[in-house]
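So the sequences go chain by chain: A and B. First residue of the first sequence: 1, per my numbering; consecutive thereafter. First residue of the second sequence: 1, per my numbering; consecutive thereafter.
Hint data in this document are derived by calculation from the structure and do not stem from the laboratory. Hints may be right or wrong, so weigh each one.
[What the hints assert, rightly or not] BS3-like cross-link-like pairs, simulated, lysine-lysine; straight-line CA separation at most 27 Å:
1) A:K103 <-> B:K15
2) A:K173 <-> B:K15
3) A:K17 <-> B:K27
4) B:K27 <-> A:K176
5) B:K65 <-> A:K77
6) A:K103 <-> A:K172
7) B:K27 <-> A:K18
8) B:K15 <-> A:K172
9) A:K126 <-> A:K103
10) A:K126 <-> A:K90
[As the list claims (entries may be wrong)] Okay, the calculated bits of chain A under chain B, using three or more residues with CB under 8 Å as the criterion:
11) 51–63
12) 152–158
Where is the CB? At the ideal position from N, CA and C, for every residue including glycine.
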Amino acid sequence: MNQTEAELLLGLKNEQKKASAFSEIVRLYQERLYWHIRKMVLSHDDANDVLQNTFIKAWNGLEGFRGDSQISTWFYKIATNETLTFLANKRQRNHTSMDDDEKLMLQNLQSDTYFDGDEVQLMLQKAILTLPEKQRLVFNMKYFDDITYEQMEAILGTSVGALKASYHIAVKKIEKYFEQNG
Amino acid sequence: MENKKHISFDLAGNKLPFTVPEDYFEKFALNMDTQIAVKQVPVFHFMRPWMYAAAMLLGVLFIGKGTYNAYQNQQLSNAENYELYVLSQVDEDDIINYYLSEETN
Numbered sequence: 001m002n003q004t005e006a007e008l009l010l011g012l013k014n015e016q017k018k019a020s021a022f023s024e025i026v027r028l029y030q031e032r033l034y035w036h037i038r039k040m041v042l043s044h045d046d047a048n049d050v051l052q053n054t055f056i057k058a059w060n061g062l063e064g065f066r067g068d069s070q071i072s073t074w075f076y077k078i079a080t081n082e083t084l085t086f087l088a089n090k091r092q093r094n095h096t097s098m099d100d101d102e103k104l105m106l107q108n109l110q111s112d113t114y115f116d117g118d119e120v121q122l123m124l125q126k127a128i129l130t131l132p133e134k135q136r137l138v139f140n141m142k143y144f145d146d147i148t149y150e151q152m153e154a155i156l157g158t159s160v161g162a163l164k165a166s167y168h169i170a171v172k173k174i175e176k177y178f179e180q181n182g
Numbered sequence: 001m002e003n004k005k006h007i008s009f010d011l012a013g014n015k016l017p018f019t020v021p022e023d024y025f026e027k028f029a030l031n032m033d034t035q036i037a038v039k040q041v042p043v044f045h046f047m048r049p050w051m052y053a054a055a056m057l058l059g060v061l062f063i064g065k066g067t068y069n070a071y072q073n074q075q076l077s078n079a080e081n082y083e084l085y086v087l088s089q090v091d092e093d094d095i096i097n098y099y100l101s102e103e104t105n
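Extracted from the complex, chain A is given alone in its bound form:
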């Protein structure tokens, strides 16, 4: 744990400093967590909701954080769980299957004000949407954020070997998608 994280952790354990320490954490990690969520939910409004839920959940669960992992890892874990829960609840509300949900997300993406990708980037997002959710997570974290497999293991609770295999398969699928649709 680096010095900043150590200082923040001390702040979180102190009743008088807890709020200001948490406020600093929000400013430190909000962008990283936002983009982590946004890559999965695609819509800005949904990402905003999930990001809020993430921080509120973290705030409410502060007493349970023992400091045995990095603060950033802990926040990433909460953000990942909140994202997957959000997607599952959305499917349930809309009575859709994963396939239908992906089609809907794609339709919304193309008309989204906050999407400014070109033809290639759009095709990549389409290809990523064909991956199973967990594999999509792995691909996004590796391809866009270059998160190490060891960090990913801490966040997702999956072994490094399994993560490497998952990423390798994801890349093959995306290459195939481009060959067939490019």
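Using the hints, position chain B against chain A.
Coordinates of chain B only, in the frame set by chain A:
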């Protein structure tokens, strides 16, 4: 005839094709500050354990009283039932003769 341009994965790059509203992150952080301020529990935090203990005691007393009342009602019901049972075993004429003998005595 124009050939369709082949789109390759190699050309995709790793730049995200998403944007956010202007000043989104500044506003988000301020919004979270407000939400946390609302959620913060002030001075009475140290009293929580005592409040939990008091609530538990009240709960035990309430359940205890309810159980005792139910037991008393059951006892009463048993006594009434027993009395009715005993009376049902005695002939009505015998009861009348008993009371008449009491009167004459």
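Hints breached by this structure: 4, 5 and 12
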